[in-house]
Amino acid sequence: MLPQARGCGQRLPRVAVGHSLVTRTPRGARLTPAGEHALERIRIALGSLATARATMGEAQDRPLVRLGLLPLVGIGALGPVVKALQQQGDMPRLILRTDTIQGLLDLLVSGEVDAVVGGLDGE
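Take 1 as the starting number for the sequence shown in my numbering and just add one per residue.
Any given hint could be a false lead.
Cβ pair distances, simulated, as ranges [claimed, not checked]:
1) GLY47 <-> VAL73: 33 to 41 Å
2) GLY28 <-> GLY103: 51 to 59 Å
3) ALA52 <-> LYS83: 21 to 29 Å
4) ASP106 <-> LEU39: 52 to 60 Å
5) ALA84 <-> ALA52: 49 to 57 Å
6) ARG30 <-> ILE95: 54 to 62 Å
7) LEU31 <-> ILE95: 34 to 42 Å
8) PRO63 <-> LYS83: 39 to 47 Å
9) ALA115 <-> GLY47: 58 to 66 Å
10) ARG24 <-> ASP90: 53 to 61 Å
11) THR23 <-> LEU85: 40 to 48 Å
12) HIS37 <-> LYS83: 40 to 48 Å
13) LEU31 <-> ARG66: 36 to 44 Å
Since the hints were derived computationally from the structure, they do not count as laboratory data.
Because the structure is a prediction, the values reported are computed rather than measured.
In this text, a Cβ means the ideal position worked out from N, Cα and C, and glycines have one as well.
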C-alpha cells in the first residue's frame, strides 16, 4: 500500500459523518459508538434498498401511469376504474397527485403527470 493511501480509509468516513467511526487497537480495529450507530443506519438503508429493488423488479412488467386528480372529484371517479382494471388483470402501477385545476395543468405541461382526471361529463 502506498504511504499516502494508508490513512485514506479512516479520513473519508470521518469527513462524511463528522466523527471517527473506527479506532485502531493492537489487535486490529473496532467500531466507535458513532461507527456502531452508522453501521445500524447503513444496514437499515441497505435493507430498504434491497426491498425497493425487489419491488421494482416485480413491477417492471406493469406500465406506470402518473395520474393527476382533483381531490374530491378524481378520487371518487377513480374507485370504479381501479376495480375494473383489477378484475381484468390490467392494473398498472399508479402514482397519484392531487392539486387544483391550475396545479394539475402545470403538472401535465411539465410532464410530471401523464393524464389528469378533473371530472366526468354528466356529473
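Enumerate the violated hints, using their earlier numbering and listing them in ascending order.
4, 5, 6, 8, 9, 11
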